[in-house]
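Which chain is which? The protein sequence lines are A and B, in order.
Counting from 1, position 60 in the first sequence corresponds to residue 59 in numbering that gives the first Met the number 0; the numbering is continuous, with no gaps.
Counting from 1, position 433 in the second sequence corresponds to residue 432 in numbering that gives the first Met the number 0; the numbering is continuous, with no gaps.
FYI, nobody ran anything at the bench for these hints, they're computed from the structure.
Glycine included, each C-beta is placed from N, C-alpha and C at the ideal position.
Some hints here could point you the wrong way.
With a cut-off of at most 16 Å between alpha-carbon atoms, the simulated EDC-like pairs for lysine to aspartate or glutamate come out as follows [claimed, not checked]:
#  : chain 1 : residue 1 : chain 2 : residue 2
1  : B       : K256      : B       : E151
2  : A       : K302      : A       : E335
3  : A       : K1        : B       : D79
4  : A       : K302      : B       : D79
5  : B       : K256      : A       : D254
6  : A       : K69       : A       : D27
7  : B       : K134      : B       : D191
8  : B       : K134      : B       : D79
9  : B       : K157      : A       : E339
10 : A       : K69       : A       : E136
11 : B       : K157      : B       : D140
12 : B       : K134      : A       : E339
13 : A       : K302      : A       : D254
14 : B       : K256      : A       : E151
15 : A       : K302      : B       : D136
16 : A       : K69       : A       : D131
17 : B       : K157      : A       : E438
18 : A       : K302      : B       : E151
19 : A       : K1        : B       : E228
20 : B       : K256      : A       : E152
21 : A       : K69       : A       : D93
22 : B       : K157      : B       : E254
Derived coverage of chain A by chain B (criterion: at least 3 residues anywhere in the stretch with Cβ under 8 Å from a Cβ of chain B; other residues may be distant) [to be verified]:
#  : region
23 : 31-43
24 : 174-184
25 : 246-260
26 : 351-362
27 : 397-410
Residues per chain, in single letters:
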Amino acid sequence: MKLDRSQAPRRSGPLEARLPRIERRTLDNGLALATCRASATPETLIEVSVPGGRARERLDELGLASLVAKLLQEGTRRRTTVELVDALDYLGADLRAGVDEDTLVLSLRVLDRHLAPALELLCESLFEPRFDPLDFERVRALRLAALRSRGEEAARVADTAWDRLLEGPLTSLGYSALGTEATIGAASVATARAFHERSLDPRRSRVALVGNWTADEAADLLAPLVRRWPADFAPAAANDATPSAAASAGLYCVDRPGAPQAELRIGHRSVAANHPDWLLLAALNYPLGGQFSSRLNLNLREKRGFTYGVRSGFEPRRGRGSFTVALAVQSRHVAESIREVRRELAEYLAGPTESELDFTREALEQALARQFETAAARLAFVHTVERFGWPDDYPLERLRRLAALTPADLAQLARAHLRPAELRVIAVGPRSELSALEESAQSLDIDGAPLDVP
Amino acid sequence: MIPTSTAPLAARAFGSEVRHHVHVLHNGLRLVVHPDSSAPVAAVYVGYHVGSAREEPGRTGFAHLFEHLLFQGSANVASDGHFRHVTQAGGTLNGNTSFDRTLYFETVPSNQLELALWLESDRMGFLLDAMTQAKLDNQRDVVRNEKRQNYEQRPYAKAHEALAAALFPAGHPYAHLPIGSHEDLIAATLDDVSGFFRRWYGPNNATLGIGGDVSLERAIAAAERWFGELPRGPESPPMVPQPVRLERTVAVTVEDKVALPQLTLAWPTPEAGSRDEAALEMLAMVLSASRASVLDRAFMIDELLAKSVTCGSFCGDVAGRFTITLTAAAGVTLERLCARTFELLEEVRRTGVDPALLQRMRHRHEADFVRGLDSISNRTQALVLSDVLRGDPAAFATHAERVVAASADEVRDVLARHLLDSPPVLLSVVPEGRAADAVRGRPA
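With the hints as constraints, model all of the structure from the sequences given.
This is the structure:
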């Protein structure tokens with residue numbers, strides 16, 4: 000029989016999506032444990048999240064959360080920086096620390112056979128960080144060097160300025176996670192130590208463990224962590240998110256004369272991750288800018304060739320989210336690109352077509368088959384569920400809700416969550432190229448603060 | 000009769016193994032199957048043994064531009080079909096181009112294996128039926144924006160092109176980068192597209208990998224069905240090693256919009272498969288894979304002379320290169336970084352590689368190896384790349400074991416021969432208007 004190439008082959012059969020099962024325990028000190036089984040490699044991944052995120056920084060200590068995260072990797076009471084790194088290398092273990100808005104996260108990835116000694120190093124780093132003054136000065140000097148170079152990469156400037164426009168100047172979230180030269184200059188071992196100590200409340204912390212272990216085995220493995228971490232350890236105050244106004248809608252520019260491209264961020268504030276519509280927003284965005292074959296990418300890349308690629312997305316946060324279109328365009332097409340993005344957003348208020356909706360349902364459903372294969376993917380799943388308090392089956396819940404919706408329902412959703420009249424547009428590129436637009440651009444400095452231009 | 004040798008094989012290292020089978024189609028397409036039912040996915044990788052090293056003079060960047068055109072449809076696939084079909088099926092896909100090979104891949108739910116093979120076989124067999132000037136023009140613009148975004152807008156990235164040109168003589172296959180030059184991209188024509196396709200995209204210049212929840216029998220039958228009828232292309236000449244040795248130190252200066260200057264020390268090294276490849280890789284780890292490696296520790300912890308240190312060894316089909324890149328800390332000159340680097344390298348030559356450090360780097364290499372094989376896609380990719388570049392799907396594992404087996408003396412020996420006793424390229428990236436801050440030569 001002659002092979003028929005003219006049609007795409009059909010699926011060979013149905014495929015039932017199964018989500019990884021998350022199991023939970025409350026450990027003796029009140030710490031919440033969430034585990035998920037993974038056996039692809041003989042490795043264990045552990046992630047400890049404590050309430051030491053960026054939202055805890057006061058405005059005079061910007062950058063402190065990430066500075067503390069850095070210092071947790073600079074040795075312990077018993078080991079210098081080099082001795083700690085040597086010990087991790089010997090075990091082939093990765094121990095990293097980072098921060099998001101809410102938490103400071105210490106994460107470990109190690110071969111199972113080295114788990115016990117590696118967990119000991121994690122405990123030392125978390126509870127007995129060295130905070131040596133010489134190490135502190137070294138870390139500070141590197142941070143200051145990074146801050147002095149912060150204007151060199153247009154994409155980073157755009158991201159920082161975007162946070163400032165959306166979050167406003169009264170909250171730490173409106174600034175770069177690196178902090179400022181002034182706040183880092185003013186930081187000390189004492190302020191770092193104090194920030195660290197007030198982050199160690201076990202009742203406001205979480206631990207996630209993924210590997211080839213049952214939940215009970217995981218709880219036993221974590222006994223050394225629990226032993227070192229008494230329940231009455233430094234109770235942490237709740238975060239007080241400072242209300243802060245976003246910059247007004249309109250056009251903004253960080254001028255880079257002669258740059259070959261302009262980095263663009265276009266969007267507005269959006270709802271928090273616990274909003275009842277949240278799970279549907281990824282589906283709403285999917286045909287607009289959520290994947291390669293989206294309206295925005297087919298237009299600006301595949302039709303016009305203005306960019307290497309464009310994406311849009313709703314970013315979840317516990318407090319308040321955002322909707323952002325992000326792209327870099329050839330400088331001489333910047334005005335037209337802004338017009339096209341605005342036009343696409345306005346048109347999308349009519350919602351997706353029937354076939355776009357079908358495409359989205361099928362893609363999101365079928366993708367579940369491959370999304371939880373690795374231990375790292377399972378850990379990310381646990382992290383998301385725990386961070387936002389979403390149901391354990393949220394990907395399926397999304398599909399169930401999506402199945403009941405018509406394009407008209409999506410149009411209503413679009414009108415509720417996409418607001419063309421509120422768009423902030425920032426261009427980091429040659430200001431001269433913006434003159435083709437009707438409105439004039441407010442100039443910003445490389446941190447997104449307004450500049451007075453004559 | 001179908002030529003076949005589907006006996007079970009395994010790529011093994013450090014207690015991990017990747018089981019696979021090899022089957023060669025009549026038209027010369029090599030099929031590597033990695034059956035693995037641990038997740039309900041199928042990974043399809045197609046590697047062609049052509050990259051920027053095989054580009055014609057005046058056509059730099061063409062192999063990569065051509066890769067973009069393979070996502071623009073073929074006789075039976077609409078121009079937006081690749082991404083649309085695979086995304087709708089719940090899959091992911093992409094492609095990439097390096098000096099020596101071009102790789103295309105999709106990971107789909109395992110019930111969509113045939114979809115991926117339909118797409119890959121249609122573009123391998125019938126690309127030109129659907130090629131147009133408009134597609135070429137559009138993707139040329141996209142690629143030129145890729146170059147602007149990744150090379151012209153990023154601090155220090157302009158230097159990559161200058162480094163390739165300084166390490167290898169004009170006309171050498173590695174003297175230019177896969178991204179190419181704007182003027183050569185502009186010069187590319189539809190005739191170039193058809194010529195390149197006929198010359199390099201035959202099944203006998205490719206390896207097809209199928210991994211995942213797919214039986215060996217099903218994989219072979221599906222590969223035969225979709226690829227079996229495609230005609231063989233011209234034979235590809237083997238890549239002939241063209242190792243290079245610089246006659247004298249080459250100093251190059253690039254000005255960029257940066258605050259802190261950066262120095263790259265680079266040496267040409269031998270090709271992949273040469274005796275020194277594994278020891279050079281371990282040397283790079285000893286020097287900079289960890290914060291406690293020789294250079295990182297000295298520059299970033301003990302002496303605070305640098306803001307960043309990276310080090311890498313690459314060995315390709317025709318030659319290799321070893322690079323050390325240091326971004327200066329505030330107030331530190333490139334001359335100082337250069338002098339101190341040579342002192343530290345000389346010290347390793349004099350005292351030998353610290354055996355404890357070597358042991359730690361071996362452990363790190365093992366852990367990285369295991370981690371790198373954590374998905375069906377990664378395992379299938381490793382098999383395919385290994386088959387394309389080394390003619391054996393299991394070679395990546397034997398290579399990893401060789402790296403770990405490199406002795407302290409071997410590492411010291413390659414340091415001496417390929418770095419210390421060979422003239423380097425000294426590439427300075429300095430702030431605009433500060434050409435005087437560049438390094439002029441190797442310290443006396």
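Hint by hint, here is what the structure shows:
1. For the suggested pair K256/B and E151/B, the alpha carbons sit about 10 Å apart, so the restraint of at most 16 Å is met.
2. With a CA separation close to 13 Å, the supplied pair K302/A and E335/A stays within the 16 Å bound.
3. Taken as a hint, the K1/A and D79/B pair is broken in the structure, with Cα atoms around 26 Å apart against an allowance of 16 Å.
4. Proximity of K302/A to D79/B is assessed by CA-CA distance (about 11 Å); at most 16 Å being required, the pair is judged to hold.
5. Distance restraint check for K256/B and D254/A: the Cα-Cα separation of roughly 14 Å lies within the 16 Å cut-off, and the hinted pair is therefore satisfied.
6. About 29 Å separates the Cα atoms of K69/A and D27/A, which puts this hinted pair outside 16 Å; it is violated.
7. With a CA separation close to 14 Å, the supplied pair K134/B and D191/B stays within the 16 Å bound.
8. For the given pair, K134/B sits about 11 Å from D79/B by alpha-carbon distance, which is consistent with the 16 Å threshold.
9. A hinted pair counts as satisfied when its Cα atoms are at most 16 Å apart, and K157/B with E339/A does not qualify at roughly 31 Å.
10. Distance hint between K69/A and E136/A is fulfilled; the C-alpha atoms sit about 12 Å from each other, no more than 16 Å.
11. Distance restraint check for K157/B and D140/B: the Cα-Cα separation of roughly 19 Å exceeds the 16 Å cut-off, and the hinted pair is therefore not satisfied.
12. Between K134/B and E339/A, the direct Cα distance comes to roughly 21 Å. Violation of the 16 Å bound is thereby established for this hinted pair.
13. Proximity of K302/A to D254/A is assessed by CA-CA distance (about 28 Å); at most 16 Å being required, the pair is judged violated.
14. Taken as a hint, the K256/B and E151/A pair is honoured in the structure, with Cα atoms around 7 Å apart against an allowance of 16 Å.
15. For the suggested pair K302/A and D136/B, the alpha carbons sit about 10 Å apart, so the restraint of at most 16 Å is met.
16. Distance restraint check for K69/A and D131/A: the Cα-Cα separation of roughly 13 Å lies within the 16 Å cut-off, and the hinted pair is therefore satisfied.
17. A C-alpha spacing of about 34 Å is found between K157/B and E438/A, which places the hinted pair above 16 Å, so the restraint is violated.
18. Between K302/A and E151/B the CA atoms are separated by roughly 23 Å; this puts the pair beyond 16 Å, and the hint is violated.
19. For the hint linking K1/A to E228/B, the alpha-carbon distance of about 11 Å falls within 16 Å, and the restraint holds.
20. Restraint check for K256/B and E152/A: satisfied, since their Cα atoms lie roughly 9 Å apart, inside the 16 Å limit.
21. A hinted pair counts as satisfied when its Cα atoms are at most 16 Å apart, and K69/A with D93/A qualifies at roughly 14 Å.
22. Using a Cα cut-off of 16 Å, the hinted pair K157/B and E254/B holds, with the two alpha carbons roughly 9 Å apart.
23. Given as covered by chain B, the region 31-43 of chain A passes the check, having 5 residues with a CB less than 8 Å from a CB of that chain where 3 are the minimum.
24. Coverage of the region 174-184 of chain A by chain B is violated [criterion: at least 3 residues with CB-CB distance below 8 Å; count 0].
25. With a threshold of 8 Å between beta carbons, the proposed coverage of the region 246-260 of chain A by chain B holds, since 3 of its residues qualify and at least three are required.
26. Given a C-beta distance limit of less than 8 Å, the hint that chain B covers the region 351-362 of chain A holds, as 3 residues qualify and 3 suffice.
27. Interface restraint, the region 397-410 of chain A with chain B: violated (0 residues with C-beta to C-beta distance below 8 Å; minimum three).
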